[in-house]
Amino acid sequence: MILRLTQQNHSIDVELISSSPFIIKIKEKEYQLDIIKISDNLYSLILNNQSWFLSYNEKDNKRFISDSKYESIIHIQNELEIVLSKFGFASTEDDKIGEIHASIPGLITKLFVKAGDKITKGHPLCILEAMKMENEINAPMDGVIKLIHVIEGNSVEKGNIIMEIE
Amino acid sequence: MILRLTQQNHSIDVELISSSPFIIKIKEKEYQLDIIKISDNLYSLILNNQSWFLSYNEKDNKRFISDSKYESIIHIQNELEIVLSKFGFASTEDDKIGEIHASIPGLITKLFVKAGDKITKGHPLCILEAMKMENEINAPMDGVIKLIHVIEGNSVEKGNIIMEIE
Amino acid sequence: MIKKILIANRGEIAVRIIRTCKEMGIKTVAVYSDADRISPHVLLADEAYHIGKSPSNKSYLDVNKILSVIKISGADAVHPGYGFLSENVEFAKTIQKRGIIWIGAPTEAINTMGNKVSARQVAKNNSVSLIPGTIEPIQNPKDVFQIAESIGYPILVKAVGGGGGKGMRIVYSESDLTQSIERASSEAGKAFSDSRVYIEKYLEDPHHIEIQILSDTHGNHISLGERECSIQRRFQKIIEETPSPFIDDLLRKELSESAIKLAKACNYLGAGTVEFLVDKYKKWYFLEMNTRLQVEHPITEIVNGIDLVREQINIADGKPISFTQNDVIPQGHAIECRIYAEDGLNNFQPSIGKIVDYYPPSGPGVRMDEGFIKGQEITPFYDPMLAKLVVWSNNRKEAISKMNRVLSEMKIVGPITSIPICREIINHSSFNSGIYCTHTLEAILPELVENISKEITPSVASLILKKQYQNQGKIISEELSSTWLTSGRKDGLE
Amino acid sequence: MIKKILIANRGEIAVRIIRTCKEMGIKTVAVYSDADRISPHVLLADEAYHIGKSPSNKSYLDVNKILSVIKISGADAVHPGYGFLSENVEFAKTIQKRGIIWIGAPTEAINTMGNKVSARQVAKNNSVSLIPGTIEPIQNPKDVFQIAESIGYPILVKAVGGGGGKGMRIVYSESDLTQSIERASSEAGKAFSDSRVYIEKYLEDPHHIEIQILSDTHGNHISLGERECSIQRRFQKIIEETPSPFIDDLLRKELSESAIKLAKACNYLGAGTVEFLVDKYKKWYFLEMNTRLQVEHPITEIVNGIDLVREQINIADGKPISFTQNDVIPQGHAIECRIYAEDGLNNFQPSIGKIVDYYPPSGPGVRMDEGFIKGQEITPFYDPMLAKLVVWSNNRKEAISKMNRVLSEMKIVGPITSIPICREIINHSSFNSGIYCTHTLEAILPELVENISKEITPSVASLILKKQYQNQGKIISEELSSTWLTSGRKDGLE
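Top line first, the protein sequences correspond to chains A, B, C and D.
Under numbering that gives the first Met the number 0, the first residue of the first sequence carries the number 0, and numbering increases by one thereafter.
Under numbering that gives the first Met the number 0, the first residue of the second sequence carries the number 0, and numbering increases by one thereafter.
Under numbering that gives the first Met the number 0, the first residue of the third sequence carries the number 0, and numbering increases by one thereafter.
Under numbering that gives the first Met the number 0, the first residue of the fourth sequence carries the number 0, and numbering increases by one thereafter.
Please note: incorrect hints may appear among the correct ones.
List of simulated lysine-lysine pairs, DSS-like, C-alpha gap at most 27 Å [stated by the list, open to error]:
hint: 1; chain 1: D; residue 1: Lys92; chain 2: B; residue 2: Lys24
hint: 2; chain 1: C; residue 1: Lys396; chain 2: A; residue 2: Lys68
hint: 3; chain 1: C; residue 1: Lys396; chain 2: D; residue 2: Lys92
hint: 4; chain 1: B; residue 1: Lys36; chain 2: C; residue 2: Lys57
hint: 5; chain 1: D; residue 1: Lys453; chain 2: B; residue 2: Lys58
hint: 6; chain 1: D; residue 1: Lys466; chain 2: B; residue 2: Lys28
hint: 7; chain 1: B; residue 1: Lys157; chain 2: D; residue 2: Lys189
hint: 8; chain 1: D; residue 1: Lys92; chain 2: D; residue 2: Lys26
hint: 9; chain 1: B; residue 1: Lys68; chain 2: C; residue 2: Lys2
hint: 10; chain 1: C; residue 1: Lys2; chain 2: D; residue 2: Lys396
hint: 11; chain 1: B; residue 1: Lys26; chain 2: D; residue 2: Lys453
hint: 12; chain 1: C; residue 1: Lys466; chain 2: A; residue 2: Lys28
hint: 13; chain 1: D; residue 1: Lys466; chain 2: B; residue 2: Lys26
hint: 14; chain 1: D; residue 1: Lys453; chain 2: B; residue 2: Lys61
hint: 15; chain 1: A; residue 1: Lys68; chain 2: C; residue 2: Lys353
hint: 16; chain 1: A; residue 1: Lys109; chain 2: C; residue 2: Lys189
Each pair of labels, with its calculated beta carbon distance range [as the list claims (entries may be wrong)]:
hint: 17; chain 1: C; residue 1: Gln324; chain 2: B; residue 2: Ile22; range: 52 to 60 Å
hint: 18; chain 1: B; residue 1: Glu14; chain 2: D; residue 2: Asp278; range: 51 to 59 Å
hint: 19; chain 1: D; residue 1: Ser428; chain 2: C; residue 2: Arg97; range: 38 to 46 Å
hint: 20; chain 1: A; residue 1: Lys157; chain 2: C; residue 2: Arg233; range: 17 to 25 Å
hint: 21; chain 1: A; residue 1: Lys120; chain 2: C; residue 2: Ser432; range: 32 to 40 Å
hint: 22; chain 1: D; residue 1: Ser428; chain 2: C; residue 2: Thr216; range: 29 to 37 Å
hint: 23; chain 1: C; residue 1: Asn63; chain 2: B; residue 2: Gly158; range: 55 to 63 Å
hint: 24; chain 1: D; residue 1: Asp175; chain 2: B; residue 2: Ser18; range: 54 to 62 Å
hint: 25; chain 1: A; residue 1: Lys157; chain 2: D; residue 2: Asp326; range: 49 to 57 Å
hint: 26; chain 1: D; residue 1: Asp278; chain 2: B; residue 2: Gly158; range: 40 to 48 Å
hint: 27; chain 1: B; residue 1: Ile22; chain 2: C; residue 2: Lys92; range: 35 to 43 Å
hint: 28; chain 1: D; residue 1: Tyr280; chain 2: B; residue 2: Glu135; range: 32 to 40 Å
hint: 29; chain 1: C; residue 1: Glu107; chain 2: B; residue 2: Glu14; range: 52 to 60 Å
Simulated from the structure, these hints should not be mistaken for laboratory data.
C-beta: ideal position from N, C-alpha, C; glycine also.
Please model the complete structure; the sequences and the hints are all you need to start from.
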């Protein structure tokens with residue numbers, strides 16, 4: 000089993016050599032780790048007598064792992080995806096360019112654009128109100144508003160598509 | 000469903016009237032409770048707007064429930080056991096009189112008696128060593144040592160029978 | 000004598016008030032919305048009453064429901080905490096008419112100081128310096144163009160009834176003025192039921208410094224020293240400390256004296272906070288007065304060894320403050336990090352979800368004021384603050400080291416939290432040197448985000464690999480095997 | 000400069016030391032047995048080395064294994080905590096010969112004061128009063144009959160190398176003397192590798208009062224005031240407080256001066272504790288000196304605003320104590336409850352098992368020093384102390400109320416703990432009035448046990464009924480339904 004782990008612009012490939020004892024390989028180097036689950040999402044790892052107390056969380060298709068120094072936010076590609084990316088195919092998990100999604104459940108309190116409007120990057124599109132704050136959503140790109148999926152007063156779930164730009 | 004709950008010398012019978020909403024009856028009085036599980040062993044109960052934050056634990060056939068005022072240690076009898084006790088039959092869960100059990104895992108470091116010894120209540124029987132302390136176990140009653148199940152140096156699990164007195 | 004207090008609030012501040020009540024032998028009544036059935040304030044109070052649906056205007060802001068709980072529960076006093084009804088004059092008047100004690104500021108003081116325009120008038124009358132700007136709310140956005148021009152851009156648009164960054168906008172040029180006023184006005188209307196806004200000068204490298212005061216019915220007005228609150232994102236405080244590394248004894252004295260002057264001028268009672276902006280030249284201006292308990296009050300409590308909620312309750316009960324101005328000799332250094340359910344790497348976007356695991360901070364010099372419990376769902380209905388983490392140490396250097404230690408130990412799994420970004424701020428040279436202002440966080444944020452995740456360590460990689468392997472149905476035993484049981488039995492227990 | 004410390008200990012004290020090291024920027028090395036793979040000291044240290052099986056003589060007392068970890072890890076100092084190797088002179092000498100810094104007392108001082116017989120000799124030479132008894136260890140049990148007779152029964156049999164109630168027996172009559180000496184001697188042999196015991200007078204209503212001292216290489220010897228440790232079960236402390244409600248300023252001064260006299264006499268260095276017994280007539284006697292950090296040190300830290308471990312490390316590094324005797328002005332009142340895995344209702348029998356749930360104590364004035372984590376198995380191999388809960392408040396009355404509040408909030412589910420019994424002690428009139436001695440707990444214990452569980456409330460009954468109903472396979476949804484989601488959607492998010 001091989002996975003490609005990406006954090007910001009940094010990627011590594013990691014291979015499972017053995018599951019018991021737990022041995023992995025990164026950049027031709029093997030590591031044997033002692034991994035113990037403590038409770039629901041807390042883990043203790045010991046690697047060459049270095050102790051790591053980690054919390055693990057999966058959220059929005061990312062893995063959040065905290066140790067005492069860093070917070071790592073990791074995106075995973077499996078073997079198939081690694082092969083596909085070699086041939087220039089993008090990961091299927093990425094959002095389609097031009098789709099504006101709700102980043103948090105909330106209420107659309109204001110729309111600044113209508114279908115057909117020509118906009119430039121940074122142009123305000125709508126107000127998404129959540130946790131008592133008015134969040135202005137701005138255009139991520141230049142383009143034309145293709146379709147608006149909501150009207151003012153609609154509530155949206157996280158991830159719902161609000162509008163499309165092309 | 001009726002249970003008899005006993006704590007020290009105090010007993011009550013409690014009857015389940017409905018499971019949803021959760022209604023119980025104690026001494027002809029009905030109570031409707033809002034019971035919510037918070038995590039593994041923590042519960043929130045609201046009864047007539049009184050709020051109870053309880054921890055629940057089963058250990059050694061007893062139920063330990065803590066609220067902000069009391070620690071309750073409850074022994075349960077079910078319907079069959081209630082009926083039996085009416086006819087004078089003791090609960091089957093009680094220890095047999097005269098059996099000396101290990102109250103904690105440990106090591107028998109010393110025996111003060113041998114089979115056939117006549118003893119009086121309070122007479123030292125053996126030393127059970129655990130958590131770095133030597134715990135002297137004394138006779139709970141007058142009697143004669145019938146059988147000893149261990150020799151010096153034996154380790155015992157919690158609940159193991161150490162010896163019998165008659 | 001107050002015997003039973005209804006806490007008209009939720010989250011960490013409700014818990015914090017309940018705790019002091021318990022220590023004073025006072026019964027507590029919690030109110031809760033649908034979303035808050037297992038919130039700690041419900042668990043820890045003696046009584047708990049459901050008051051409606053999750054949106055706060057259907058529960059925590061619903062005055063009639065809270066009035067009826069006061070009646071049913073027999074509470075003889077109300078503590079409003081901060082936010083929600085804490086500065087609602089009508090509510091305060093209504094309960095007081097019914098003979099219920101209001102553990103808050105006098106309604107006249109809330110009216111005068113809660114409204115920024117009249118507050119500025121009081122400051123002016125008492126020769127406390129003010130930031131240049133409109134003292135009256137804006138009637139017509141067109142009228143302000145000339146004033147804005149005379150003050151000079153950038154300017155700030157601020158809500159008359161506001162606080163906490165809501166209804167606030169920076170305007171960098173004339174072309175944005177109209178739209179910013181409209182936006183701020185609309186936000187203010189929703190947040191404070193008062194859509195009026197005003198404008199003022201935006202200062203150079205300003206520090207947000209506030210003075211905690213206490214006033215009682217015996218004519219005592221005491222200053223408890225300052226709090227440095229300049230680490231802010233989106234106008235919301237994230238880290239506070241006392242003493243401020245920026246101000247000196249002279250300035251401290253001036254600010255304290257001004258704060259007490261204002262408290263006297265408005266016949267203040269209870270706990271209040273006078274906020275100032277101090278520019279890089281140590282020129283200072285009155286900003287506003289918060290006529291209630293403040294989020295960041297614990298750092299003042301710790302350095303002074305007092306309990307502000309206890310003082311509030313005693314003052315409301317007609318008792319004098321339990322100490323004098325001469326007793327106020329702050330000791331050591333305290334820092335507070337607000338633990339928000341927010342993604343500091345992603346422009347502080349709120350994050351929701353269940354608290355699935357929690358390793359609490361503890362040890363010497365640590366105070367945690369939590370508003371959550373493991374198992375609880377964090378919802379989008381309320382303020383995203385989960386907890387306040389406060390440390391105390393003998394001096395600033397040690398306090399920073401301690402905060403760093405605690406942030407690195409504690410874990411909250413579920414929503415994304417501000418723990419990592421707090422850790423980065425605490426370790427950044429600006430914070431370490433003590434040279435920072437209200438613009439600092441925004442300026443260093445890209446650097447902090449960059450710092451947060453630099454490498455993928457073998458430990459992180461292996462944990463992900465293991466979890467993925469298991470997700471494919473390949474089970475590896477994760478739990479600790481009870482080796483001690485076997486080895487223990489083998490070797491005896493000696 | 001110390002750069003990396005090996006902590007030759009486990010549990011809460013190892014965690015407590017690691018925390019200060021982190022705050023000082025010093026790397027930490029943990030050692031662990033089979034049973035302690037996920038103990039917090041392993042989780043929080045930078046490095047962790049497995050040193051053997053669970054029984055402590057196969058791990059934490061195994062000098063050779065610890066020496067090899069010192070070598071492999073490159074640690075330049077060792078902190079032994081309390082217990083285990085903390086008073087092991089051979090170990091201390093060995094590491095110092097290898098150039099490793101020993102963060103503990105000088106070996107000569109351990110030899111002199113750790114041995115009760117020579118300690119009593121030092122006290123005698125310095126005119127510090129002693130409890131009547133044998134100053135030499137008992138060679139032959141028969142020899143002591145006459146001494147015991149002359150002192151008068153009851154007498155105490157105590158271990159020469161002992162502490163913490165191990166190897167200690169009260170003897171009420173001549174007929175029990177021989178057997179008690181044998182038992183104490185055997186226990187002492189196992190606990191301290193020194194089976195010698197001695198006898199002394201058993202005092203009337205005695206108080207166990209101890210003085211915390213600090214001594215550095217610059218000739219400074221400082222007293223940090225007293226701790227009242229008279230609430231004990233089976234000779235083990237369970238609740239401590241400072242200041243003592245029993246002693247007055249004059250006595251406090253006398254005890255402090257005597258403690259410093261003894262520290263000087265044995266050329267002491269580092270943190271140490273001089274224990275005294277004070278009888279009901281306020282007549283006091285030197286009991287023993289503990290040449291190490293003491294379990295109950297946090298209450299001294301809190302009232303003085305200092306970190307004793309930091310001072311220990313700095314002293315070992317050759318630095319002076321960071322304050323002077325004149326700076327020592329204790330503030331307010333601190334109480335510590337030791338949270339043991341013991342059944343207070345059942346003669347303090349140890350209880351083992353997994354920590355299945357945990358609601359931590361928190362809020363203002365609370366310090367928790369935990370040695371466990373949720374999910375961890377509590378084993379029979381080590382001391383049953385899980386954590387130390389410490390509160391601070393302005394005065395004794397408020398501190399008691401606070402301890403009461405915190406004990407009623409926190410929950411540890413799994414092993415049976417001393418939380419309920421601590422709550423009962425704190426609320427008992429003897430503790431409340433401050434009139435108690437080392438015999439008090441034993442005397443009031445039946446009453447406390449009686450008080451603990453008086454009634455079966457409907458809430459307790461219903462929870463049991465529900466769990467039983469579920470055990471029969473009838474499932475009732477226990478989790479909170481996400482009503483906020485549906486109601487929230489319906490009503491909008493305003």
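Which earlier hints can't be squared with this structure? 1, 3
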